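Since chain A is already given, all that's left is putting chain B on it; use the hints.
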Amino acid sequence: MKFNRFLFNLFHFSVSIWLVVLSVSSVVAQQPIIVIEGSQKVAVAVEKTSGPNADVTRRVLENDFRMNSRTEIVKIEQALFTVSVVDHANGITGTLKDEKGKKLFSENFADDWRRATHRFVDKVILTITGAPGIASTRVTFVSAHTGNKEIYIMDIDGANVRQLTNDKSISLGPKFSPSAESIAYTSYKSGYPDVWVIDLINKRRRSVSFYPGINTAPAFSPDGFKLAVTLSKDGNTELYTINANGGSPTRLTKTRGVEASPTWSPKGNEIAYISDDRGTPQIMIINSDTRAVRRFRTNSTYTTEPQWSPDGKKFVYSIRTAGQSQIGVSEIATTQQKILTTSGLCESPSWCRDSRHIIFSRRGRLYLLDSVSGEDTAININLNHCTEPYSSK
Amino acid sequence: MNQSKPAIHLRFRFFTLLAILVACAVTITSCGSKKYVEGDPYGSNNEGAIASGGFEEIYDNPLPSRAQSANPATVDYQTLSNYTVLFDFDSFIIKSDQRGKLEKVAEYLNNNSSAKVMIAGHTDSRGTTQYNLGLGERRSLATRDYLIGLGVDSSRLATISYGEERPADPAENEKAWGSNRRAAIGLAR
Chain A
5 MKFNRFLFNL FHFSVSIWLV VLSVSSVVAQ QPIIVIEGSQ KVAVAVEKTS
55 GPNADVTRRV LENDFRMNSR TEIVKIEQAL FTVSVVDHAN GITGTLKDEK
105 GKKLFSENFA DDWRRATHRF VDKVILTITG APGIASTRVT FVSAHTGNKE
155 IYIMDIDGAN VRQLTNDKSI SLGPKFSPSA ESIAYTSYKS GYPDVWVIDL
205 INKRRRSVSF YPGINTAPAF SPDGFKLAVT LSKDGNTELY TINANGGSPT
255 RLTKTRGVEA SPTWSPKGNE IAYISDDRGT PQIMIINSDT RAVRRFRTNS
305 TYTTEPQWSP DGKKFVYSIR TAGQSQIGVS EIATTQQKIL TTSGLCESPS
355 WCRDSRHIIF SRRGRLYLLD SVSGEDTAIN INLNHCTEPY SSK
Chain B
1047 MNQSKPAIHL RFRFFTLLAI LVACAVTITS CGSKKYVEGD PYGSNNEGAI
1097 ASGGFEEIYD NPLPSRAQSA NPATVDYQTL SNYTVLFDFD SFIIKSDQRG
1147 KLEKVAEYLN NNSSAKVMIA GHTDSRGTTQ YNLGLGERRS LATRDYLIGL
1197 GVDSSRLATI SYGEERPADP AENEKAWGSN RRAAIGLAR
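The listed protein sequences derive, respectively, from chains A and B.
Anchor point for the first sequence: position 354 equals 358 in this note's numbering, and the numbering is continuous, going up by one each time.
Anchor point for the second sequence: position 133 equals 1179 in this note's numbering, and the numbering is continuous, going up by one each time.
With the rest of the complex left out, here is chain B:
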């Protein structure tokens, strides 16, 4: 309770800062995009490069520091377990039939303004360990980006990947694989 006042002060200062930042935004953006093209890993033909313009805004959303996030050992994956996002094989695209779940999650987070989330990405057992770690993380990041798009503050959204290490269903069949390709929404506690 004692902390609420300083927090408000901080927020006012934050908005002042934001105004200054917005004023500078045009310059920064143009510099940033130039730099970006130079650093394009696919060379001058731009093959496979990120589309320029609006996309970049949702692309680079640095993750909150660990100190700000939930302790992975004590995350509660039960409360929001109905909203676990499921994925196609080797894909991190949020399918249209999964988006309603994330709208519910965003709603929950709006109603519980102190809640912090850990998004845990998982894969099925097919594919290799290291790639699946990356794919699991990409699933949690896609989920995170979608929630940011719904207005959730990025500092509340941490990610972790367990790759194929923690299946929801250890069986080896289509049904099990389908339930293992998931991003589980956990709450810090």
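If we strip away everything but chain A, and leave its shape as in the complex, we get:
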């Protein structure tokens, strides 16, 4: 396809962006209007909100556009795009206009007003930038706020926090299924660490792996049918796959060390995990068909909790450098590495669906991190001791 490029400069804001205009017909629906480079932001203004929740809707909208990092909230006169939202009995109607007031779309989102607003923002982001928005992301995580580690769920902006388990046991490592309709996690409810799956739609759960020893670290395959897990039933901690609704496991590794924290490639043909078979935890990648294993190198001999990005191109992980646990990202093709945090005590990173934002935990709080700018923002909730966040894709 052919593009014409014009450089725009906005006064007061030294934001320069490449505006790309399709020269012929807009065949592809999600063709971006603007291509954003680096940490550039598109200027957006909220023109109007109306309806019973007008004031809150404005705050939610503005927060969503800021959280996105690809957009910023400005005054109407400075905006390249304006949005308006009417909330009503059947959800919300959201409208996006360009700087000339031309309507780009106006759509009804049937959902509770808050969720509908998030979905509208995601559609705006997709329409303008071609990248998936993260406003409608849900996060599952562990909190020991009650004194016991239980599983929780919330919206990525910290709203709608719900406690899912109340077992007064130990619950760990929740991971959404690709559809975000289920959560797999480890629970000591039986006394032993077992893998459980919560069905969020029917509000039920079942134990799917309860072999002798440990049953931990479940991760759904991209098609949702399988779980990669760590089991010790055969006398060592190894990686296995099982059907997501239970059944006999297939063993993938055989070493003397610890294999843990599996994460699937988006195509589902490879699983990255950590192994300390060579002394300290390192990222390994196994082909789930051929079982061929290769090591993925980082600049630290202590690298754990890899997560494969939804676009397949990057790993995020927690990495020990200078005695501190930080969040790092590596390009898989080049192994080029970037450490994103400086404070230490950073753990459990999880990609958002845009393969740009990462949520992680530090000192019992959850943060949203922009891997492009390196800026992180605390997600404010009224719970202490929060760990192991995982975002829906």
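Rather than coming from a laboratory, the hints here were simulated on the basis of the structure.
Hints may contain errors.
[To be verified] Here are the simulated lysine to any residue pairs, SDA-like style, with alpha carbons at most 20 Å apart:
| hint | chain 1 | residue 1 | chain 2 | residue 2 |
| --- | --- | --- | --- | --- |
| 1 | B | 1141 | A | 260 |
| 2 | B | 1150 | B | 1213 |
| 3 | B | 1141 | A | 282 |
| 4 | A | 397 | A | 77 |
| 5 | A | 172 | B | 1210 |
| 6 | A | 237 | B | 1201 |
| 7 | A | 397 | A | 130 |
| 8 | A | 317 | A | 338 |
| 9 | A | 101 | A | 86 |
| 10 | B | 1162 | A | 239 |
| 11 | A | 237 | B | 1157 |
| 12 | A | 193 | B | 1201 |
| 13 | B | 1162 | A | 77 |
| 14 | A | 172 | A | 152 |
| 15 | A | 237 | B | 1141 |
| 16 | B | 1221 | A | 77 |
| 17 | A | 271 | A | 237 |
| 18 | A | 237 | B | 1150 |
| 19 | A | 193 | B | 1221 |
| 20 | B | 1147 | B | 1157 |
| 21 | A | 237 | B | 1108 |
| 22 | A | 237 | B | 1202 |
| 23 | A | 193 | B | 1199 |
| 24 | A | 193 | B | 1213 |
| 25 | A | 237 | A | 226 |
| 26 | A | 172 | B | 1201 |
| 27 | A | 317 | A | 376 |
| 28 | A | 193 | B | 1150 |
| 29 | A | 193 | B | 1112 |
| 30 | A | 101 | A | 77 |
| 31 | A | 237 | B | 1113 |
| 32 | A | 237 | B | 1213 |
| 33 | A | 172 | B | 1119 |
| 34 | A | 237 | B | 1162 |
| 35 | A | 237 | B | 1147 |
For clarity, every value in this text was computed on a predicted model and none was experimentally measured.
Just chain B, lined up with the frame of chain A:
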């Protein structure tokens, strides 16, 4: 008491079976090792693979079923608490100064033939949750393998890992971390 006779009968049958099994052992072993090399997760260069030969015998000792093991909720970790095995950071090697404890445990188990053990592996708070769960389990398995090496029947030895979830000392300093990196020997009751 009524159950002791059938148990003896079973044992005789078991030894007959064992004799047959030993006769077949050579064939099975050779098949097993071939299969094993094919399934080597590190590929044809064998890098990081398990050493062949004798090591494999102590490597794969499937855990006893849960029905055979202690209920984790009621395990007594007091009686043998003097024999809790301590570990170095990020290590599951049984250090030479810890081995005497396990000899005492083996002795206790020889003298109490009905006792069943739950070995609970723990880590310090450094490192990540999932890795520490694995590391804790690896510590309990290393302890288990050592006891098997001392002649304890593997069916009496179950394992559990609590990772970093149940520290002996909740403080965050070297002394506390040292006491948290442990495999506690519990008795079923």
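Results of checking the hints against the structure:
| no. | hint | in the structure |
| --- | --- | --- |
| 1 | 1141(B) with 260(A) | 17 Å, holds |
| 2 | 1150(B) with 1213(B) | 24 Å, violated |
| 3 | 1141(B) with 282(A) | 18 Å, holds |
| 4 | 397(A) with 77(A) | 25 Å, violated |
| 5 | 172(A) with 1210(B) | 17 Å, holds |
| 6 | 237(A) with 1201(B) | 13 Å, holds |
| 7 | 397(A) with 130(A) | 15 Å, holds |
| 8 | 317(A) with 338(A) | 10 Å, holds |
| 9 | 101(A) with 86(A) | 5 Å, holds |
| 10 | 1162(B) with 239(A) | 17 Å, holds |
| 11 | 237(A) with 1157(B) | 28 Å, violated |
| 12 | 193(A) with 1201(B) | 24 Å, violated |
| 13 | 1162(B) with 77(A) | 65 Å, violated |
| 14 | 172(A) with 152(A) | 5 Å, holds |
| 15 | 237(A) with 1141(B) | 25 Å, violated |
| 16 | 1221(B) with 77(A) | 51 Å, violated |
| 17 | 271(A) with 237(A) | 29 Å, violated |
| 18 | 237(A) with 1150(B) | 26 Å, violated |
| 19 | 193(A) with 1221(B) | 31 Å, violated |
| 20 | 1147(B) with 1157(B) | 15 Å, holds |
| 21 | 237(A) with 1108(B) | 6 Å, holds |
| 22 | 237(A) with 1202(B) | 15 Å, holds |
| 23 | 193(A) with 1199(B) | 28 Å, violated |
| 24 | 193(A) with 1213(B) | 19 Å, holds |
| 25 | 237(A) with 226(A) | 26 Å, violated |
| 26 | 172(A) with 1201(B) | 30 Å, violated |
| 27 | 317(A) with 376(A) | 14 Å, holds |
| 28 | 193(A) with 1150(B) | 33 Å, violated |
| 29 | 193(A) with 1112(B) | 14 Å, holds |
| 30 | 101(A) with 77(A) | 15 Å, holds |
| 31 | 237(A) with 1113(B) | 14 Å, holds |
| 32 | 237(A) with 1213(B) | 24 Å, violated |
| 33 | 172(A) with 1119(B) | 13 Å, holds |
| 34 | 237(A) with 1162(B) | 18 Å, holds |
| 35 | 237(A) with 1147(B) | 25 Å, violated |
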